[in-house]
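K.L.:
The whole structure should be built from the sequences, with the hints applied where relevant.
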Amino acid sequence: MTLLIAARQLSKTFVLHQQDGLELPVLADVSLEVHAGECVALTGPSGAGKSTLLKALYANYLVQHGTLNILRHGRWIDMARAAPHEIVAVRRDTLGYVSQFLRVIPRVSALDIVAEPLIEQGEERETARERAGALLERLNIAERLWNLPPATFSGGEQQRVNIARGLVAPRPVLLLDEPTASLDAANRAVVVELMREAKARGAALVGIFHDEATRDAIADRLFTVPLARRHTKEIAT
Amino acid sequence: MKPILQVKQLAKRYGDRYGCRDVNFELYEGEVLCIVGESGSGKSTLLATLAGRLAADEGEVTFRDANGDWHELSTLAEAERRRLARTEWGFVTQHARDGLRMGVSAGANVSERLMALGHRHYGQLRATAAEWLEKVEIGAERLDDPPSRFSGGMQQRLQIARNLVTRPRLVFMDEPTGGLDVSVQARFLDLLRRLVHESGVAVIMVTHDLGVARLLAHRTLVMQQGRVVEAGLTDQILDDPQHPYTQLLVSSIVQA
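Taken in sequence, the protein lines are chains B and L. Counting from 1, one number per residue, gives the positions in the first sequence under this note's numbering. Counting from 1, one number per residue, gives the positions in the second sequence under this note's numbering.
Calculated directly from the structure, the hints in this document are not laboratory data. Be aware that a few hints might be false.
Derived coverage of chain B by chain L (criterion: at least 3 residues anywhere in the stretch with Cβ under 8 angstroms from a Cβ of chain L; other residues may be distant) [as the list claims (entries may be wrong)]:
{"id": "1", "stretch": "52-61"}
{"id": "2", "stretch": "209-215"}
Part of the chain B face toward chain L, derived, beta carbon under 7 angstroms [claimed, not checked]:
{"id": "3", "residue": "H17"}
{"id": "4", "residue": "Q18"}
{"id": "5", "residue": "L22"}
{"id": "6", "residue": "P84"}
{"id": "7", "residue": "H85"}
{"id": "8", "residue": "V88"}
Every residue, glycine too, gets a C-beta built ideally from N, C-alpha and C.
P.N.:
Right, dumping it as structure tokens:
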């Protein structure tokens with residue numbers, strides 16, 4: 001199968017300038033390849049850098065070393081070096097980030113929040129809203145809520161709105177940050193089904209799944225994020 | 001995608017002090033760029049210099065117009081600069097009284113730029129103005145009221161209509177939410193976000209509010225003491241700030 005993610009020798013150290021320049025190495029020499037139709041689950045103890053790796057793949061975090069190639073329209077784009085407008089374009093049509101953390105936009109309805117990624121890909125507004133509605137329905141968001149801004153929704157409803165937003169547009173590479181955490185069994189099954197559909201259409205998935213049942217149901221292999229050596233700089237006292 | 005603005009080694013001096021210096025970036029079609037930093041960091045000076053409202057002392061700003069021709073601002077004749085400002089750019093100010101004509105009607109405020117472009121048909125001008133007042137949620141029934149009778153939020157929305165009516169390719173905004181109450185701000189930002197999205201206009205906005213940058217901007221420049229200390233994708237700058245000053249700014253946000 002086609003290689004879609006090729007991350008080589010990534011290193012990432014946080015430098016906390018407000019703590020006298022304290023250095024926290026999180027990723028050291030991490031390489032990861034993911035093919036079309038494959039799901040890789042990141043594992044490792046808490047603090048090992050699973051979430052940092054996922055955010056680095058999305059270019060949300062900067063890496064100091066390494067290359068971070070994502071295949072877009074048959075061309076490799078190194079997300080560690082791409083210009084901002086290129087990264088925006090990759091995220092629009094190729095690379096999705098699915099998390100449960102909804103950043104509410106004042107006054108925008110749940111339906112429009114979910115439809116937005118499709119409209120950005122050039123879909124007609126009405127078609128996009130129809131598809132958004134169908135997905136919200138699958139995720140058991142009652143139709144009476146669709147036209148309301150999710151600021152007043154329950155935590156669980158907000159999570160599912162954000163999952164719908166992350167999965168509505170069929171992007172070929174998906175990064176999943178605990179997409180099923182704290183969902184009830186019925187909704188967890190729906191999300192697993194959605195991820196399987198993405199795999200079946202040839203998407204490459206990289207995810208953090210704390211829930212073992214979900215991991216077993218979706219992941220083809222595990223990737224243990226290697227621990228970076230914590231040789232933190234001496235702090236003068 | 002092609003850049004519409006190229007900025008190289010730009011500097012503006014006040015006497016022997018620099019307002020801003022060593023500024024370099026490119027802006028692409030439809031991109032929204034926020035310039036953040038504390039008061040006195042040079043944000044507004046940079047914006048005014050980019051828009052040609054202040055003359056640059058060093059470096060250059062080049063703009064690509066709708067025909068694909070490049071114009072270097074410092075060598076541009078004043079008449080030509082005014083033509084660009086009217087047809088290709090917009091400028092939204094923090095204080096509505098600096099960006100609106102307070103004594104004439106809202107409709108006339110919206111029509112002014114269209115008339116400057118040669119539109120003369122009264123009925124059509126009025127219809128277009130009414131349409132834009134609806135778009136910015138003021139309501140066509142306020143067409144004949146002067147902006148002095150509008151609330152602060154309405155005045156800012158009127159500025160947006162007045163600027164976007166001629167479909168400019170680049171709009172400069174100087175703290176457009178600065179004087180608004182938080183509740184009024186949300187409506188303004190949502191409207192702005194939608195209109196920017198629909199029209200594909202590029203925006204350079206000065207703000208001291210990182211939340212505004214998060215909501216609207218693809219990219220952010222962080223300024224301190226007249227220099228750009230960090231530049232990049234907005235979410236990267238806010239979630240993984242690199243420069244000590246940016247780390248301080250981000251960690252100083254009060255969580256609601």
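K.L.:
Could you run down the list of hints and mark each one as holding or not?
P.N.:
Against the structure, the hints come out as follows:
no. : hint    : in the structure
1   : 52-61   : holds (count 4)
2   : 209-215 : violated (count 0)
3   : H17     : holds (4 angstroms)
4   : Q18     : holds (6 angstroms)
5   : L22     : violated (11 angstroms)
6   : P84     : holds (5 angstroms)
7   : H85     : holds (5 angstroms)
8   : V88     : holds (5 angstroms)
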